[in-house]
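Participant: Single-letter residue listing:
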Amino acid sequence: MLATHVEPATTLAQLEATKPEKVTIVLLSGDLDRAMAAFIIATGAAAMGMQVTIFFTFWGLNAIRKKGATSSAKDWLRRMFGALNKGGAEALPLSRFHFGGLGTKVMQMVMKQNRMPGVPELMETALDLGVRFIACTTTMGLMGITKDTLIDGVDQFAGVTTYLAEAKQGSVNLFI
Amino acid sequence: MQADVTLDTLGYFCPMPIILTSKKIKELALGQVLEVLSDDEGIKKDMPAWCETTGHQMVGLEEEQAKSGWIYKAFVKKTK
Chain A
1 MLATHVEPAT
11 TLAQLEATKP
21 EKVTIVLLSG
31 DLDRAMAAFI
41 IATGAAAMGM
51 QVTIFFTFWG
61 LNAIRKKGAT
71 SSAKDWLRRM
81 FGALNKGGAE
91 ALPLSRFHFG
101 GLGTKVMQMV
111 MKQNRMPGVP
121 ELMETALDLG
131 VRFIACTTTM
141 GLMGITKDTL
151 IDGVDQFAGV
161 TTYLAEAKQG
171 SVNLFI
Chain B
177 MQADVTLDTL
187 GYFCPMPIIL
197 TSKKIKELAL
207 GQVLEVLSDD
217 EGIKKDMPAW
227 CETTGHQMVG
237 LEEEQAKSGW
247 IYKAFVKKTK
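So the protein sequences, as listed, match chains A and B.
Residue numbers are given in the numbering used here: position 57 of the first sequence equals residue 57, and the series is strictly consecutive.
With positions in the second sequence counted from 1, the corresponding number in the numbering used here is that position plus 176.
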């Protein structure tokens, strides 16, 4: 049997040197403000040269649904749910002060006046910088969201194991 | 301070100045200095942090009072 002697300190140092800087973000929320925070962190990290993956689950999936997308699920219950649950990065409501859409409209106006990128622009920048988008298949099924109603930038359709395999290597893992 | 290339990010908020910087720096040759103009005060801390992570060198920071407020000039030397 071949015995290998490793110096723990050097091995650790090597491991740290070769470990890529990785960021994973779980976006569960479909709120405008939370999605903005997620995409600002993602784009910032990507600009710093870090590998970034965002997992979209539950309401977070709304951010990567096509504008005005409804559902093409087979059963009427999920189709109805998909119709009620409006999709599209442009349509995300504020978590507070939404006021039936008025508050959110005002916020978007103020953002535009201040040349602040909104969720659609930030998302485009993220894709441009190589941020990977992964859609959670379980919640897609649950909410009647089908692949054809999601934007083209989605890199993978996967579940919790894929997320954990990525998060395990991540130095920053966020749940938003 | 003298720069080879100037990047104007006036009017843009975080994270745009950093994202634009990370794109612009690719166009520079090794050793050239990029000057980033910003009116977002966060740049004072964010640019050194970006340099530390990416391995580029922060060679200077200047502040200037303009009519509309403070303008920050961050100088980044491309080192890799």
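It should be emphasised that the hints constitute simulated quantities derived from the structure, not laboratory data.
Be aware that one or more of the hints could be misleading.
What the hints assert, rightly or not - Derived DSS-like pairs (lysine-lysine); straight-line CA-CA distance at most 27 Å:
no., chain 1, residue 1, chain 2, residue 2
1, A, K86, B, K249
2, A, K66, B, K221
3, B, K221, B, K253
4, B, K243, A, K22
5, A, K112, B, K253
6, A, K22, B, K199
7, B, K221, B, K200
8, A, K112, B, K256
9, B, K243, B, K220
Participant: Now tell me if each hint is right for this structure.
Facilitator: Consistency of the hints with the structure:
no., hint, in the structure
1, A:K86 to B:K249, "43 Å, violated"
2, A:K66 to B:K221, "37 Å, violated"
3, B:K221 to B:K253, "17 Å, holds"
4, B:K243 to A:K22, "42 Å, violated"
5, A:K112 to B:K253, "32 Å, violated"
6, A:K22 to B:K199, "20 Å, holds"
7, B:K221 to B:K200, "19 Å, holds"
8, A:K112 to B:K256, "36 Å, violated"
9, B:K243 to B:K220, "20 Å, holds"
Figure legend: structure checked against the earlier numbered hints; hints not met, in rising order: 1, 2, 4, 5 and 8.
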